[in-house]
Amino acid sequence: MDEKKNQSEDYITISGFKKFVTDSLRYFFWFLSYVQLVIVKCWYFLLTGLFFGLITGYIYYVSKPTLYKVSMLVAFNELNKRSYAEMLDQLNKPGTSGRGYSLASILQIPQSIAGKVLFIDTRNMNNDPLDSDTSTRFDQPFKIIVGLKDNFLSDTLQNAIINYLNNGNYLKKLKVEQEKIYQQKIIFIDGELRKLDSLKLSYNKFLASPAISATFYNNAFNPADLFVQSADLASQREITSKWLALNTSSVYLVDGFKTTVSPQSLSLKADLLIFGSVGVLIGFIVAFLSETKRRVGGTYQPKY
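In our numbering, the protein residues as written are 26 to 329.
Hints are supplied without guarantee of correctness; some may be wrong.
The calculated lysine-lysine pairs, modelled on PhoX-like cross-linking and capped at a C-alpha distance of 25 Å, are [claimed, not checked]:
(1) Lys294 <-> Lys197
(2) Lys198 <-> Lys210
(3) Lys141 <-> Lys94
(4) Lys267 <-> Lys89
(5) Lys210 <-> Lys197
(6) Lys267 <-> Lys210
(7) Lys89 <-> Lys210
By construction, these hints were calculated from the structure, which means they are not laboratory data.
Use the sequences and the hints to build the structure in full.
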């Protein structure tokens, strides 16, 4: 008896499940039938929505600026990628006198060039947003992408962006101090190399002298150490000179702006398709609400 009672509480009967499926299908097909009725009876709402959607899409296409993208490749040796992404994102924030004037003032470029810039974006080599890159390695390249109204290349804009990144108060002062240290290191290494060269010359003269003592000194210096020390200093000088040649700037250009053949803006066909679809959807919603409101208070049972 208890077993039958437990079974009756937990068991889902076939008839109950069948009723649920049947009701679900009934309401589904009822809804489809009602949608069909709305479309047939209120077609003018859909047609009106399509018309205004196409008109809006055409106006948007004509009024929007054409977008061209140019990109350059840069590398860095200070801070991290997310820091540079934030610095460049600051250029996208409009100033009180308008975006173009703000950008021209910050980058110190003519307004005629700054006014053509639509946005500045950054990407890593996997084409992911740079602000989400958590890598802490230096000397890794990343891309700076600039959206332009015209398909033009400007060395002025390219150099201005690089200078903007390099001439921040912190980075500029850091590089000036580092350069002083490396310059002093070069001077010190050059002085030590001259001393070693002089010592090697004196030792060679000593070896050429006929009056060489045959006495052996256990603590005599090893002349090979002169050449080892000289080679080590020469290697340090090469590394230091390379730093002074390549790393006096925090960000340096790897590959400059490259132009695009065609604009990246949506075509007229795409704009008309998007806005036309939205217009039809809005027209259908209005028609659906209008027909539903008209039938409130009655019962509608379409045949299917």
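*Any hints from earlier that this structure breaks? Give me their numbers in increasing order, please.*
1, 4, 7
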